[in-house]
Amino acid sequence: NAGVTQTPKFRVLKTGQSMTLLCAQDMNHEYMYWYRQDPGMGLRLIHYSVGEGTTAKGEVPDGYNVSRLKKQNFLLGLESAAPSQTSVYFCASSIRGSYNEQFFGPGTRLTVL
Amino acid sequence: DQQVKQNSPSLSVQEGRISILNCDYTNSMFDYFLWYKKYPAEGPTFLISISSIKDKNEDGRFTVFLNKSAKHLSLHIVPSQPGDSAVYFCAVQITGTASKLTFGTGTRLQVTL
Chain A
1 NAGVTQTPKF RVLKTGQSMT LLCAQDMNHE YMYWYRQDPG MGLRLIHYSV GEGTTAKGEV
61 PDGYNVSRLK KQNFLLGLES AAPSQTSVYF CASSIRGSYN EQFFGPGTRL TVL
Chain B
1 DQQVKQNSPS LSVQEGRISI LNCDYTNSMF DYFLWYKKYP AEGPTFLISI SSIKDKNEDG
61 RFTVFLNKSA KHLSLHIVPS QPGDSAVYFC AVQITGTASK LTFGTGTRLQ VTL
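Line by line, the protein sequences are chains A and B. Under our numbering, the first residue of the first sequence is numbered 1, with each subsequent residue one higher. Under our numbering, the first residue of the second sequence is numbered 1, with each subsequent residue one higher.
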């Protein structure tokens, strides 16, 4: 099993450009999440999904959109990138229910110039 | 408003000694508590967890302690090994909220020879 994979690993954008980050998991998990990690701030939840076709906002959703068309994939979109979105983005997944840990992907390092 | 705090940004411990990492939270609704370990350029990996009905959970060299009245948890690593050098995040969860995690800011542990 590959677990949680993220594409791409690195990306540099100019302000105003758009891009999509892809997350895929092969563990048949119901729940999926997108976080960002900034220096000194830990990981913060951007958006999450509890199943195919459903998404919800997390702690810092502004400037991002998401889609979950297939159970195994969770896409994070930036429509008009800003320097404040320079960060490391992590995708995670977990099984349905309570008292469950999340499994994380390796991250995507995004720089917006 | 930081709901989860790790007040020590870094910790240095000699190999073979005990490492103690601390975490404080503010919301008494949190009922599941996790520790994640993160190496550079990798995603966080789950280490150990504890539910609010317990005050201690042990897994090999790792033990997590929960003091609900003080809203405090700690991770003990005994004995510490050089491979334990990483950033450690505590994370908290409320049952029934799609397993969403709120993370602390992390503590960088360095285990020296």
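Think of the hints as simulated: they come from the structure by calculation, not from any bench. Mixed in with the good hints there might be a few duds.
[To be verified] Result set (DSS-like, lysine-lysine): computed pairs, CA atoms no more than 27 Å apart in a straight line:
hint	chain 1	residue 1	chain 2	residue 2
1	A	K57	B	K37
2	B	K100	A	K9
3	B	K100	B	K37
4	A	K71	A	K14
5	B	K100	B	K56
6	B	K68	B	K100
7	A	K9	B	K37
8	B	K100	A	K57
[Claimed, not checked] Facing chain B, according to a computed beta carbon distance under 7 Å, are these residues of chain A, among others:
hint	residue
9	N28
10	Y31
11	V50
12	G53
13	E101
[To be verified] Just a few of them, taken from the derived set where beta-carbon distance is under 10 Å, the chain B residues facing chain A:
hint	residue
14	S12
15	K38
16	F89
The beta-carbon is built from N, C-alpha and C at its ideal position, and this holds for glycine as well.
Tested hints:
1. A:K57 to B:K37: holds (26 Å)
2. B:K100 to A:K9: Holds. K100 of chain B to K9 of chain A sits at ~24 Å (cutoff 27 Å).
3. B:K100 to B:K37: holds (18 Å)
4. A:K71 to A:K14: violated (31 Å)
5. B:K100 to B:K56: holds (22 Å)
6. B:K68 to B:K100: holds (20 Å)
7. A:K9 to B:K37: holds (20 Å)
8. B:K100 to A:K57: Distance of about 11 Å is within 27 Å: holds.
9. N28: At about 15 Å, which exceeds the 7 Å cut-off, the nearest Cβ of chain B leaves the hint on N28 of chain A violated.
10. Y31: Cβ of Y31 of chain A sits 6 Å from chain B, so the hint holds.
11. V50: Since the shortest Cβ distance to chain B is 5 Å, the answer is holds.
12. G53: violated (15 Å)
13. E101: Holds - the Cβ of E101 of chain A comes within 7 Å of chain B, reaching about 4 Å at its closest.
14. S12: Where the cut-off is 10 Å and the nearest Cβ of chain A is about 19 Å from S12 of chain B, the hint is violated.
15. K38: It holds, given that the least Cβ distance between K38 of chain B and chain A is near 9 Å, below 10 Å.
16. F89: Where the cut-off is 10 Å and the nearest Cβ of chain A is about 6 Å from F89 of chain B, the hint holds.
In summary, the structure is inconsistent with hints 4, 9, 12, 14 from the numbered list given earlier, while agreeing with the others.
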